[in-house]
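Enquirer: Given next are the chains, with one letter for each unit.
Number of protein chains: 2
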Amino acid sequence: MSTMNLEMLFSPKSVAIIGASDSTSKIGGRPISYLQKFHYNGQIIPINPKYQNIGSLKCYPNLQSVPGDIEAAIVAVPSHKVLLELQNCAAKGIKAVIVFSSGFAETGTDEGKAMQTQIKQLSQKSGMRILGPNCLGIINFMEGFTGTFSTSLPRIDNFQNAKRSAFITQSGAFGIMIHALFYGEGQGFGYFVNTANEVDVQIADCISYFVEKDLVDVLAIYCEGVRDKSRFISALTKAREKRIPIVAAKVGVSELGGGAANLHTGAIAGSDEVYSAIFKQYGVVRAVDTEAVFDFVTLASIGRFPKGRRIAIITNSGGAGVFITDKCVEYGLDVPKLPVLIRAELDKILPSFGSSMNPVDCTGQLINEPELLERALSLLAEAENIDGIIVFIGLMDGYEDTFIATLQKVLQKTDKYLALSWMAPPAEAVEKARKVGIPTLTDPARMVRTIQMLVEYNESIESTTEALKSNSHRNNGKIVNIRDRIEAYRKSGRYILSEYESKAILKDYGIPVPISGLATGVDEAVKIAEEIGYPIVMKIESPDILHKTDAKCVKIGIKDSSEFSKSFSGILENAFSYKPDANVLGVNIQEQVSDSVEIIVGIKQDPVFGPCIMLGMGGIMVELIKDVSLRVLPITHADVKKMISELKTSKLLYGYRGKPAADIDALVDVIMRFGEMALDFEDLVSEMEINPLFVTQHGVMAGDAIISLKE
Amino acid sequence: MSTMNLEMLFSPKSVAIIGASDSTSKIGGRPISYLQKFHYNGQIIPINPKYQNIGSLKCYPNLQSVPGDIEAAIVAVPSHKVLLELQNCAAKGIKAVIVFSSGFAETGTDEGKAMQTQIKQLSQKSGMRILGPNCLGIINFMEGFTGTFSTSLPRIDNFQNAKRSAFITQSGAFGIMIHALFYGEGQGFGYFVNTANEVDVQIADCISYFVEKDLVDVLAIYCEGVRDKSRFISALTKAREKRIPIVAAKVGVSELGGGAANLHTGAIAGSDEVYSAIFKQYGVVRAVDTEAVFDFVTLASIGRFPKGRRIAIITNSGGAGVFITDKCVEYGLDVPKLPVLIRAELDKILPSFGSSMNPVDCTGQLINEPELLERALSLLAEAENIDGIIVFIGLMDGYEDTFIATLQKVLQKTDKYLALSWMAPPAEAVEKARKVGIPTLTDPARMVRTIQMLVEYNESIESTTEALKSNSHRNNGKIVNIRDRIEAYRKSGRYILSEYESKAILKDYGIPVPISGLATGVDEAVKIAEEIGYPIVMKIESPDILHKTDAKCVKIGIKDSSEFSKSFSGILENAFSYKPDANVLGVNIQEQVSDSVEIIVGIKQDPVFGPCIMLGMGGIMVELIKDVSLRVLPITHADVKKMISELKTSKLLYGYRGKPAADIDALVDVIMRFGEMALDFEDLVSEMEINPLFVTQHGVMAGDAIISLKE
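Keeping their order, the protein sequence lines are chains A and B. Per this note's numbering, the very first residue in the first sequence carries number 1; after that it's consecutive. Per this note's numbering, the very first residue in the second sequence carries number 712; after that it's consecutive.
For the record, the hints were derived by calculation from the structure and aren't laboratory data. These numbers come from a predicted model, not from an experiment. Some hints could be false.
Here are the computed lysine-lysine pairs in the BS3-like style, where the Cα-Cα straight-line distance is at most 25 Å [claimed, not checked]:
1) A:K527 / A:K507
2) B:K1018 / A:K626
3) B:K1263 / B:K1018
4) A:K58 / A:K26
5) A:K626 / B:K1359
6) A:K648 / B:K792
7) A:K113 / B:K1059
8) A:K552 / B:K1370
9) A:K626 / B:K1337
10) A:K37 / A:K238
11) A:K626 / A:K604
12) A:K26 / A:K37
13) B:K831 / B:K792
14) A:K642 / B:K1337
Sample of chain A residues facing chain B (criterion: CB under 7 Å; computed from the structure) [unchecked claim]:
15) A173
16) A424
17) A445
18) Y495
19) E530
Residues of chain A clear of chain B, computed beta-carbon distances all greater than 10 Å [claimed, not checked]:
20) G127
21) S152
22) E224
23) N316
24) E374
25) E382
26) L395
27) D443
28) E462
29) K555
30) Y578
By construction, the Cβ of each residue, glycine as well, lies at the ideal position given by its N, Cα and C atoms.
Just chain A, with the same shape it has in the complex (with noise of 0.2 Å):
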């Protein structure tokens, strides 16, 4: 129940202010006077033994003399009073608390997380929901209630244009930064949460709280890390399910970023790929920056999204549509030209110096003649070939009311995506335009960036209509087998497995190995080549010997018995010498694999999403161009296929440079499995490597593996 009451922290209908003051110079005493501003219609409560009364409201010494119920209550006190007051809330029945204080675990020190704990588990043990401590609150301007101390506040004259939006921030000056960027750009949200320590009420929960009781058309929230993968992923999955988008801003890119955000906040970091991949997966749309933000929200508001990434362009300058037109490109949207009977139409109203292809360029034309901008626009409405139309103005003093009734009119008449790009625009056209609904930026290059976003929104949501299957394989009985091998393994006290024994596993599973066999003598190892069929390939088994090429011992391409007795003895002094008291159970000979390319599979534990599965193309791209695609388990097959795609050198595998194209279907059959048996076993197995991977033009084969055991 992890939206269980949180109604009663977002709009209370009573609110004890514990620590109140009647001086805004106190952070308990701001929130009084500021639900007093924005007119909040609850009933408002200064606790505060000083105090008979603050202004017009009577002052209580303590909770216990306050008559009657209390909903919610803010804690404003010392760091070391918090707990004592904590108690008096759940004492009193209150449901919600926002505490304000600082000087928990955010401080690093011993004893600040000492009392962050207790207060966890208050929370835990009452069920009383608590927001921060270490917050700056809540900012409700659509149910009128602001519980903060924020002093942005005083500036906000305009929160009548609060949108169907909320904002969730663990970073609470910088979040509250972000919200007076967005009133001070002539819009804001409707809501504002700063989540900050976490001890019970996590940005997912609100998350699930807005999506629940239907209050937003978008969300966005301000990250620097997830605590809670199961609340996170629910969330995200409710928020897609109603076609809720979310735009995510995420800090810790950099490994020195991701440094001092532990620092910060104490927040668990996962790895930032990581992030990336949950985001992709579960349709989150990631911004690079607070201004990429404010544009998503700014133009997803609208309700609808691009339904394709084939967009048409229309301007009052030549010169804008070609700089446009370049950054659609940039940013991987296509600008086709137009139907021809559509340009027919277009060459009939436009000047003779403007353009039909797309771009159409209008040309300063518009000033004499405004009303073609109408008449275009009906026409690019009516194109099959076009998914989005932007249309960008320039100037134009004293044209605003005329297109924004324009645009309003064509928005009317055509589901298609339409946003407005108004460059050095009149005063307030831009916030006129908004207030009816018209989706608009100012900057063009920002436009652009924009659109790409909405447009993978909702490619996201499209695609993932297969629903994911965890632990599919559980309750067959080959699994039930292989995890009893494992267990023995563990029980031995073996928590790296070798090659032969990691590939006998991924065989059992399902996974394709090349034909091979162990041997402990040279005739053997002939018996074995000879029915496997040569070319093959020799290789040490020892669990004491992991890197084999770099230990020398491997031996590839073997085409006859005539060097047999060479190599095998070659390879087994290699190995005492490379580690004279190795464990060697013998030579692996094993079919060689032609003509194939070579990928990389791996699993990876992170310490808040679980496993993540990696895939990369082998030999020197993986690490030579980082060349490689992640998510997180469990994962579709849309989401494998969209991971061989991300690889850089992916052409490798379609056929390149004449070669047939690989088993591509073989492949995200492997890759599936791999990830499906890293969760069946997900309580046994820490890490798993498939390298390399071969991929041929008829099925792949695992031509080495390791797998790692959980101690």
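Starting from the structure of chain A, add chain B where the hints point.
Expert: Frame of chain A, contents of chain B only:
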């Protein structure tokens, strides 16, 4: 004399308006109104037989009837009357003319092009400077000359904010929108000029003018295509010598964009990568969009630059510090730890919940203790491992005067770069800060992007002390010999030289090639091979077979004479089956180079900038991940080193995976020679390529080469 008489274009003492009107709805009316509004202190001379007077100004029927000399004219008459009016101007002795009229090459019609050619010829013959046609003219707020018909001028009420900066744009409408954007943001360009169709005055001339006259501290250009290489490069060189930074927005990144740009102004668009190369070589910073232009101009106007990549960050929000650190790492900037002593001093003054690491977090404590900023900043200014300081403040209404005074003081004390990012700032704070010379933006991500641009600019001007040597070998006897040979090939109708011929020329030019010999029979081949020493490589020698590998006419790794006969005849057979009528000169017997990294070096011709040199990683990297770097010739050693470092897989050269490092000095030397050779024979050679160029631990060798000649 590309800047001859340009002062009469930008700041004439008298200006005739040909096609003058009393109405600002006409393009001949607006400049009169603007010149009066913005207090032009020269003489305004309206020309139009229809009027006796325009306002208080006497209007003349024609130029001849005006007494005395006139320096400049504006032509605002229909296109077919323009030539006649220009002839009248020349006859009157007018030195500079702005042609507003459109209807020329930009229409794409033969008639338009022909009229434009006539204007061009008139300009060349008369020496009269002509801006345009099809141009928006000039806005000079520094000396007060507004020779434009832009409708954006009436809204500019803050032209006193004009800076010592110029914006030179080929695009008129889009350019004037960018100009308006700057004034909309509370600052603006001192000079605006739209070169448009460029019959005479080009972007390069304007750059030269502003630089030579010392009129600006920073230049911005909006460029669709350069017409004259040497004027452009000469202008950039002048700017670099005077350390006047130039930021360029260039469209045509995409082929699509490029196509549209061609149509739009008829500019000859070189390929976009060539522009990137030219910009890098001559210290021009390329802006990705118009906001980046704005940001660069804003932050560069202070006249100092970060001397390195080491950035200190100081904030009033820990979250913002993390975010800015992330962005620094993304943009390749360092955020080093501060020196111990400075940290110790910071710890004394910062609150316990702040941070003296880099980023330095002053926290919300700045509200209570604003003087903290000056104390902390003064310490940062002393850190010897810091090149630039980003001060980030969010919100803080009421503190603007305090903080601005603080930054002014610190800027005076230090020669480090220092800039202010004030997010969601108090009203007017940013304008005030800029007014007193503090480089100020609001958005922190854009701040970091711009700091990176400044660092890049500084690096480019610092690194190019080396003089450019072009044609260095021309007077060398050997070169004469090579020239004679190339001429002989051309005379015999041979425009593509074979591998053997090409490598012979390279060798004579001082570029090492593997030892080799041309054999016409097996016995001869064996003899050559034994002189060279095994292993050897065999390749067909035929000017008709350029793709030897595709034709199966290459055999590598021949270890002894046993396979000789079979290989030799096999190659000949394959050659004739590939191309029955091929002119086969023999079989090349060549030393096999082992343990090398394979590189590609090529020369291509750009229609505007001439010979360009391309460096690429060999094997599949060039094609698969486009791993190439490009420069326009001539190049310096520093350029070549930068090119090598720009390769995504350059690691392969520096001792990858335990291999010895390749001989970079020899590689640089060969690339330099290859470039010099391309210039020495620029008149004869069209394309050249060495592929592969073997780079070994000791020296490099051209494994294969091709030279194609101009017909």
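Enquirer: When the hints from earlier in the document are held up against this structure, which numbers fail?
Expert: 2, 3, 6, 10, 18, 19, 21, 22, 23, 26 and 27
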